[in-house]
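A.B. asks: Please work from the sequences and hints to get the whole structure.
Given next are the chains, with one letter for each unit.
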Amino acid sequence: MTAKVGVITFPGTLDDTDAARAVRRAGAEAVPLWHADPDLRGVHAVIVPGGFSYGDYLRAGAIARFAPVMGPVIEAAGKGMPVLGICNGFQILCEAGLLPGAMTRNAGLRFICRDVWLRVANPDTAWTKTYDADQRILVPLKSGEGRFVAEQRTLDQLEGDGRVVFRYESAAPNGSSRDIAGVSSANGRVVGLMPHPEHAIDPATGPSADGLGLFTSVLTQLVES
Amino acid sequence: MARVVVNVMPKAEILDPQGQAVVGALPRLGFGGVREVRQGKHFELDVDDTVDDETLQQIAGTLLANPVIEDWSVTRVPENGTA
Numbered sequence: 001m002t003a004k005v006g007v008i009t010f011p012g013t014l015d016d017t018d019a020a021r022a023v024r025r026a027g028a029e030a031v032p033l034w035h036a037d038p039d040l041r042g043v044h045a046v047i048v049p050g051g052f053s054y055g056d057y058l059r060a061g062a063i064a065r066f067a068p069v070m071g072p073v074i075e076a077a078g079k080g081m082p083v084l085g086i087c088n089g090f091q092i093l094c095e096a097g098l099l100p101g102a103m104t105r106n107a108g109l110r111f112i113c114r115d116v117w118l119r120v121a122n123p124d125t126a127w128t129k130t131y132d133a134d135q136r137i138l139v140p141l142k143s144g145e146g147r148f149v150a151e152q153r154t155l156d157q158l159e160g161d162g163r164v165v166f167r168y169e170s171a172a173p174n175g176s177s178r179d180i181a182g183v184s185s186a187n188g189r190v191v192g193l194m195p196h197p198e199h200a201i202d203p204a205t206g207p208s209a210d211g212l213g214l215f216t217s218v219l220t221q222l223v224e225s
Numbered sequence: 001m002a003r004v005v006v007n008v009m010p011k012a013e014i015l016d017p018q019g020q021a022v023v024g025a026l027p028r029l030g031f032g033g034v035r036e037v038r039q040g041k042h043f044e045l046d047v048d049d050t051v052d053d054e055t056l057q058q059i060a061g062t063l064l065a066n067p068v069i070e071d072w073s074v075t076r077v078p079e080n081g082t083a
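Chains as they are written, first to last, in my numbering: chain A, 1 to 225; chain B, 1 to 83.
Since the hints were derived computationally from the structure, they do not count as laboratory data. Here a beta-carbon is modelled for each residue, glycine too, at the ideal position from N, C-alpha and C. Be aware that one or more of the hints could be misleading.
[Unchecked claim] Here are the computed lysine-lysine pairs in the DSSO-like style, where the Cα-Cα straight-line distance is at most 30 Å: (1) B:K11 to B:K41; (2) B:K41 to A:K142; (3) A:K129 to A:K4; (4) B:K11 to A:K129; (5) A:K129 to A:K142; (6) A:K4 to A:K79.
[To be verified] Non-contacting residues of chain A with respect to chain B, defined by C-beta distances greater than 10 Å in every case (computed): (7) I74; (8) A107; (9) F111; (10) D124.
C.D. replies: Next up, the structure:
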């Protein structure tokens with residue numbers, strides 16, 4: 001049986017095509033999910049891709065979080081389904097309460113579009129199993145509201161519990177607290193990150209193939225479970 | 001019908017780079033003496049009499065503000081003040 005990974009498209013989503021391509025490249029079937037869908041079409045995992053859902057009106061991710069498809073996503077995540085949020089998807093998962101913290105405007109107020117080196121801080125999540133601890137990966141960052149913030153005690157807790165999944169290798173270009181680029185849920189099944197691994201799955205079209213590991217990681221999870 | 005104002009502001013401990021950009025621009029324009037600027041959002045809601053204060057708090061805390069990074073206040077504006 002081929003694993004099915006859903007890729008959600010909201011009005012304003014940009015990176016669903018690349019996310020679906022990454023899913024197929026990893027060896028799974030990419031199932032398109034629409035924001036108005038009432039269910040998840042039998043998928044085994046869900047990716048919430050990047051872009052500007054609902055024009056980023058109010059706050060990035062604030063409207064998408066209440067889209068019909070998010071009800072089933074939140075319910076499935078509660079039962080352990082792997083969910084990955086990339087960039088705007090990360091913002092949506094934070095707004096939905098599936099991940100801690102929030103994203104604010106970049107510290108320098110400028111939109112940042114460049115390739116960044118990350119360190120895999122936790123290779124034991126559903127989306128990072130194929131990486132080694134502290135492995136360096138090169139992926140694009142492209143966001144204007146990518147500065148991860150949370151209360152100090154939340155940050156302490158995340159670090160203590162190993163829920164920081166990715167860190168910017170040098171100082172976070174967007175001013176993210178403690179150079180955090182990605183975090184996970186307590187059970188490691190839900191992961192969100194601001195940089196874009198789906199744009200780095202083939203050296204022909206991206207800076208590296210380093211991002212493919214997220215998409216192959218979740219497949220090993222689905223086979224095991 | 002009543003007019004309700006909801007003001008949403010970044011929490012004190014959250015860096016507000018937009019406010020900092022404004023406060024940085026003022027001296028360049030010749031306006032001295034402004035020590036700090038914080039930028040938030042101002043919502044005006046026209047609600048009917050079925051909407052109670054508790055519901056307004058839920059509206060503010062669920063959608064208008066993100067409690068992780070923002071504080072908010074809800075104020076009912078007197079009828080004679082809305083002209």
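A.B. asks: Hint by hint, note whether the structure agrees.
C.D. replies: Going through the hints against the structure:
With a C-alpha separation of about 12 Å, the suggested pair K11 of chain B and K41 of chain B falls inside the 30 Å cut-off, and the hint holds. For the given pair, K41 of chain B sits about 25 Å from K142 of chain A by alpha-carbon distance, which is consistent with the 30 Å threshold. About 18 Å separates the Cα atoms of K129 of chain A and K4 of chain A, which keeps this hinted pair within 30 Å; it holds. About 36 Å separates the Cα atoms of K11 of chain B and K129 of chain A, which puts this hinted pair outside 30 Å; it is violated.
Restraint check for K129 of chain A and K142 of chain A: the C-alpha separation of about 25 Å stays at or below 30 Å, so the hint holds. Of the supplied pair hints, the one linking K4 of chain A and K79 of chain A holds, its CA atoms being roughly 17 Å apart against a limit of 30 Å. With a closest Cβ-Cβ approach of about 14 Å to chain B, I74 of chain A is found to remain outside the 10 Å limit, as its non-interface label requires. With a minimum CB-CB distance of about 6 Å to chain B, A107 of chain A fails to clear the 10 Å threshold, and the non-interface call is violated.
Annotated as non-interface, F111 of chain A keeps its C-beta farther than 10 Å from every C-beta of chain B; the closest such distance is 13 Å. Here D124 of chain A stays apart from chain B, with its beta-carbon at least about 25 Å from theirs, past the 10 Å limit.
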